[in-house]
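*Asks:* One letter stands for each residue in the lines below.
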Amino acid sequence: MKTRRSLLSTLILLLLVAVGPVWGQTLAPAVPAPVVTKSTLVIVIQGTVNGPPESVPFSGKVQIKATAVTDPDFGGQPSVHLAIDFLDVQGLGATTRTKFFAVEEDELMRRLVASDRIDLVFTIVPDKGTVELATVRTGLASLTLTFDGAGNLTAGTGSITNNPFAPNL
Amino acid sequence: MDIFDFDGFLGDVMTVNLVYKPFFEVERRKYRFRILNASVSRFFKIALSDGGPVFQIANDGNLLPNRVLLTELDEQGIAERYDIVIDFSRYSVNDKVWMVNLAEHSDGKRVANDLTLAEGLSGQSADPCVGKFLEFRVVRDPATPDVSQVPVTLIPNPNLAHVPVARQRIFEFGRGAGQTTNDPVSTFFGPWGIKTDNGDMLAADFGRISAAPRFGTREIWTLKNGGGGWDHPIHIHFEECQTLARDGSAANVPAWELGRKDVWRLRPGGSVTITMQFRDWGGMFMEHCHNTVHEDNAMLLRWEIDDGGAPFLRPLPTPIPTPQGVTFEPPTDILPTAF
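In order, the protein sequence lines correspond to chains A and B.
Going by our numbering, the first sequence runs without a break in its numbering and finishes at 169.
Going by our numbering, the second sequence runs without a break in its numbering and finishes at 1339.
The hints are simulated quantities; they were obtained by calculation from the structure and are not laboratory data.
Label-pair ranges, simulated between beta-carbon atoms:
id : chain 1 : residue 1 : chain 2 : residue 2 : range
1  : B       : Pro1321   : A       : Asp148    : 53 to 59 Å
2  : A       : Thr144    : B       : Pro1142   : 41 to 47 Å
3  : B       : Ala1250   : A       : Val35     : 23 to 29 Å
4  : B       : Asp1146   : A       : Thr154    : 44 to 50 Å
In this text the structure is predicted, and so the values were computed from the model without any measurement.
Note that the Cβ used here is the ideal one computed from N, Cα and C, for glycine as well.
So that you can see chain B by itself, here it is in the shape it has in the complex (with noise of 0.2 Å):
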């Protein structure tokens, strides 16, 4: 592990709730868990150990429309929230099962192979961090029946339809980054760089203003990866977001991502396009790769609600914080296309 390394670095022990290898004790019921992608740079993708079926019910900090049926999930990328539940009525006590990780990484840019389950197991990856992660043993049936149901529809995502779209927006994320500002404290330096409407690649700094929407207004952002050897895994603060499509077309979004999320991996040389409508919060925001070797240096930027009417200032003053407090400063610059 190289924590010099800019591209992304990858530990290689695995763990859950911070331990090596746990086992868990469950019941012959269902159960819920929430999957959150703790990592530096790594993705991972979950599957059980055989094959059995989950329902997703949850993608990053909202249920789904519908549950979805599924045998192994997605790739989940740093700060990803997948929830799923698990009937272990299925398997008989003193029965085992296991969560398997089936990404394979080589680096910290992007997943090298999501291997098969077969090829998971095999034990042949050169990645610790495949394979086996969590065990479950099935140890007694439960004190009272399971009951418990896991709904068809689950949340329908509110309806934007009615929204006009007020403005279109296009981030590129990449690498190359250079840099317009040099304040000693919001500026920072790449290699890794935000694109906004087709400006220049520049490197973070929290000082410039690259995107003010409207309060309450509705729009739609397209993400691109400007590359084709690393993923990003994108994350948007404040509004969570709806879907609208991949690489172009609605028919790629997979009904797992059909519901309200916050962080996208845009693949390697892929898009995302997404809605979202501004509402209550007038504040200052960040939008940045979650991979935090690139959030680090520096594919982050700022974007903020300012219009909201009194008592919020436009543009807002950057926050400057100081041991004996916090200044506020003008911004350090403002991109043409911000406002």
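In isolation and in its complexed conformation, chain A is listed as follows (with noise of 0.2 Å):
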């Protein structure tokens, strides 16, 4: 018993020095790294907000800087990342020719698709004075954006109406 023991023991210990190194100094296999694509957009968009307390026409620009990436690792649907800025669209009111800004900075991350609508809700603020939370009227922007197979992005159209999620607003 004694032998059979010690043998034990001496098999254990050879055992531990070396599954040791090797336990204490795992190997990790290569993660692909991601193929990342950025492209920026600047797009035209006009429309009007109607109703009270009057009509607004809106008319400028909004940029979009798309970053695409893939996922070699899982083998994933690519996403999108959208950064959306609107860019001095503006309007004058059409009674009281008051001038209004459609503001709105969002971002957002998308299943990366050949064409992509996009619908957001912007507030609108006066040129001057406070801006209260009480009274901020709110629109609609409809961006439809186009990828290529790259995930650039090639172009884009967007149009405004009013917020159908707040009709009386």
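Hints are included, so try docking the two chains, each in its own frame, into the full complex.
*Replies:* As structure tokens, then:
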């Protein structure tokens, strides 16, 4: 029995000596890096927000920065991050001729598809005076964005209408 | 839900303060809400059901330099905190409006699709946590007029321009981590890990010192996402940081991230550059992904400030908790770029 125990102990020790360094320095499989494609587009946008206290026809530009990313590790569908910013989208109130700005800045992660329609609610703020949440009006911007096979944003259109989610505000 | 899915797992019931689809009776006045994402792996993107405007006034632990007018919030990663103001005086008594989640997940790795408001309200999403989750019932006018204001300017950031940058470090967060230590208590195994200063991708060992900035100095750290199939909300303990750039450009930092923060979503394939000054508190701190499944398996590292003068030790010994009390051991590993 003594001999057996001694042999067993020796075997375990040898095993630990052999396994220890391997366990202590686990090698990692390489993970493939994603392909990141960046593009920026500025599109023209126009349209009218109707309703009280007055209708406002807007026109201006919207900047869209698109960052498309592949997923070679999991083989998943590529995604595209969109940073959307209204650039000087403005209009004059049909009755009072007051100048208003359409303000919107948003960031979205979308599945990368050839053509993507994105509707965004934006705020309407006066040129002068304070912005009060209680009275800020909203409108809806509809963007249709086109991507090529590499994930570059190649074209886009935009229009402005009433915010359908807040018909009375 | 598979709790053994190390990529992250999702619940299927959305709760607010532990309540499923609650309602909240509000007066026609302003309310400030502090929103914490307390999920395991889920991100949110919150809007009001009518696209109504809100002011975002704070991000994580700090007021922003300026209020930000928004109709929907940015994605909110696990542990991020957003403070917003909603003014219910724009609604009439008996109106209802809901908070809506627009971030659609198909797994715990990242958001699959940030939906538009129409998509989020359509009921078509396969994600049960998309859509309305908190109902506001506007029940009455306030007893006294609401004279509260949301100032345009809130809290400017500390000006660090006069503090020289002592060091720059890069941390890359990814999968396929290896391990160089085998301490029975402090060593953990991946698959997740962190590369420090372009070294090996390492799984967590809280006995390992990965960075040791000097007391009182300022550093710039870049946090990188090494993959395209996942996102990581990275949390740095101790010091709150200013965001200098996203993907290498200051112009990519949105207005609601201009305050001091302590959690950043890196976005797939993305990076965030931050700066901080290490002030009064010497000690040992952690940096980790706050997708808690990633954190637990083992996307976490230790950094420390240990040269504040006596009685600090350099390097600090590692505390090993036991039922009989805490013992201290020498670090298992010190990365070559740590000090």
